[in-house]
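Q: Given only the sequences and the hints, what does the whole structure look like? Please build it.
Here is what each chain is made of, one letter per residue.
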Amino acid sequence: MIDPAQTKVENDIDEIDFRAGVDAKRWRIIELDFPRLDFAIMGTEPDGSRKEYCFKAEVSNYPSQPPMVQIWDFGNRKSLDSAQRPKGNRRVEVTFQRWGSDTIYRPWERLTGPHNSNAANLPHLAWRADRRLSFIFEDLHGILNSNARARRVQLSA
Amino acid sequence: MTTLETARDNNREGPDLPAKIEVTVRTGRDEERVVDIEIGQPAVSILIVIADQWGCAVEELMLFRDGENDPIPGGTIIGPDYPHRHRHHVHHSRNVEVIVHYQVASHHREFKRFQTIETVLDWAIPAFGIDPTMAPEFELARPETKEELPLNEHLGHLAGRHDRLELNLVRGDIANG
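Line order of the protein sequences matches chains A and B. Quick note: the first sequence uses this note's numbering, first residue 3, plus one each step. Quick note: the second sequence uses this note's numbering, first residue 186, plus one each step.
Hints are computed from structural coordinates only; laboratory data are not their basis. A portion of the hints provided could be inaccurate.
Stated by the list, open to error - Interface residues of chain A toward chain B, partial, derived using beta-carbon atoms under 7 Å:
{"hint": "1", "residue": "R28"}
{"hint": "2", "residue": "P65"}
{"hint": "3", "residue": "N91"}
{"hint": "4", "residue": "R108"}
{"hint": "5", "residue": "N118"}
{"hint": "6", "residue": "A122"}
{"hint": "7", "residue": "V155"}
Virtual Cβ for every residue (Gly too), placed ideally from N, Cα, C.
A: Rendered as structure tokens:
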């Protein structure tokens with residue numbers, strides 16, 4: 003019998019917002035081996051170059067339990083070295099910082115949400131069971147590409 | 186007979202109905218519907234359905250595919266290979282005046298309804314004289330809310346039937362850690 007959480011994850015990666023991101027090459031699924039979900043998101047570096055970052059998520063009991071997500075180095079089978087993590091403005095630095103649990107530091111994340119009451123303080127960024135995976139992917143994609151806005155504004159100034 | 190008349194004529198039910206495809210059409214911030222279109226019908230058929238629902242003329246509406254800046258011509262035939270799994274958007278053809286507030290200042294400019302929050306941010310940040318290096322820290326929110334609007338949200342969906350849209354330029358929230 004298939005775990006209902008797996009069915010929900012499969013449905014979410016087939017929904018229209020998620021597919022739109024795949025079609026636009028904003029993100030891609032590397033592998034779903036439930037409860038592990040490996041994925042990659044395209045970002046923009048401070049110098050304007052494009053770079054893809056990989057992530058490993060644990061999605062058991064989804065969606066009642068939020069995903070646990072780490073930025074991951076699949077070649078070396080460990081979380082990405084600090085020197086290799088995304089650079090840019092403070093939001094980028096905080097999101098991908100190394101901290102005690104070394105997961106993505108956003109309120110929707112399983113371990114970050116309760117840490118320092120992040121989910122309670124920022125409910126519009128917290129996980130809810132009615133959210134879809136595309137919420138997380140859009141959030142990460144927006145942060146990973148925030149450097150692009152700085153460059154656009156600089157060029158137009 | 187015009188494309189519009191042909192499409193209306195073809196909408197009548199017959200004994201041998203051709204295959205249909207479902208097109209997901211976004212019509213507002215929280216409004217989305219699935220429109221059934223017969224293979225071989227022109228794209229204007231989608232606008233006919235929405236115009237009936239909105240009580241306006243088809244000519245007042247424009248149809249877009251997600252991520253594209255040009256409207257889909259009404260005569261485009263919805264064939265079996267048509268990318269119907271992409272979200273579509275319907276907007277009034279009128280522009281929307283966007284007013285952005287930041288601290289005690291405000292700036293305004295007209296935008297097309299299919300343009301996005303990201304387009305407004307790219308204009309508003311230099312308009313308020315904000316240092317470009319700070320640009321990634323800013324987001325747009327509706328007045329009296331804290332929720333940052335998605336960058337790819339169409340202005341037309343936020344404005345609804347209004348021709349004016351007020352937004353606040355705010356610092357994006359960062360988790361405390």
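Q: Hint A122/A vs chain B: min CB-CB distance below 7 Å?
A: It is violated, given that the least Cβ distance between A122/A and chain B is near 11 Å, above 7 Å.
Q: Tell me if P65/A is really an interface residue toward chain B, meaning its C-beta lies closer than 7 Å to one of theirs.
A: This hint is violated: P65/A lies away from chain B, its Cβ roughly 19 Å from the closest one there, beyond 7 Å.
Q: For the restraint on R28/A, tell me whether the closest CB of chain B is nearer than 7 Å.
A: At 10 Å from the nearest chain B Cβ, R28/A fails the 7 Å test, so the hint is violated.
Q: Can R108/A be said to touch chain B, with a Cβ gap under 7 Å?
A: holds, 6 Å
Q: Holds or violated: the hint that N118/A contacts chain B, with Cβ atoms closer than 7 Å.
A: Since chain B brings a Cβ to about 5 Å from N118/A, closer than 7 Å, the hint holds.
Q: Under the criterion of a CB-CB separation shorter than 7 Å, is V155/A in contact with chain B as hinted?
A: holds, 4 Å
Q: Restraint: N91/A near chain B, CB-CB cut 7 Å. Satisfied or not?
A: For N91/A, the interface hint holds, since the closest Cβ of chain B sits about 4 Å away, which is under 7 Å.
Comparing the model with each earlier hint shows violations of hints 1, 2 and 6; every other hint is respected.
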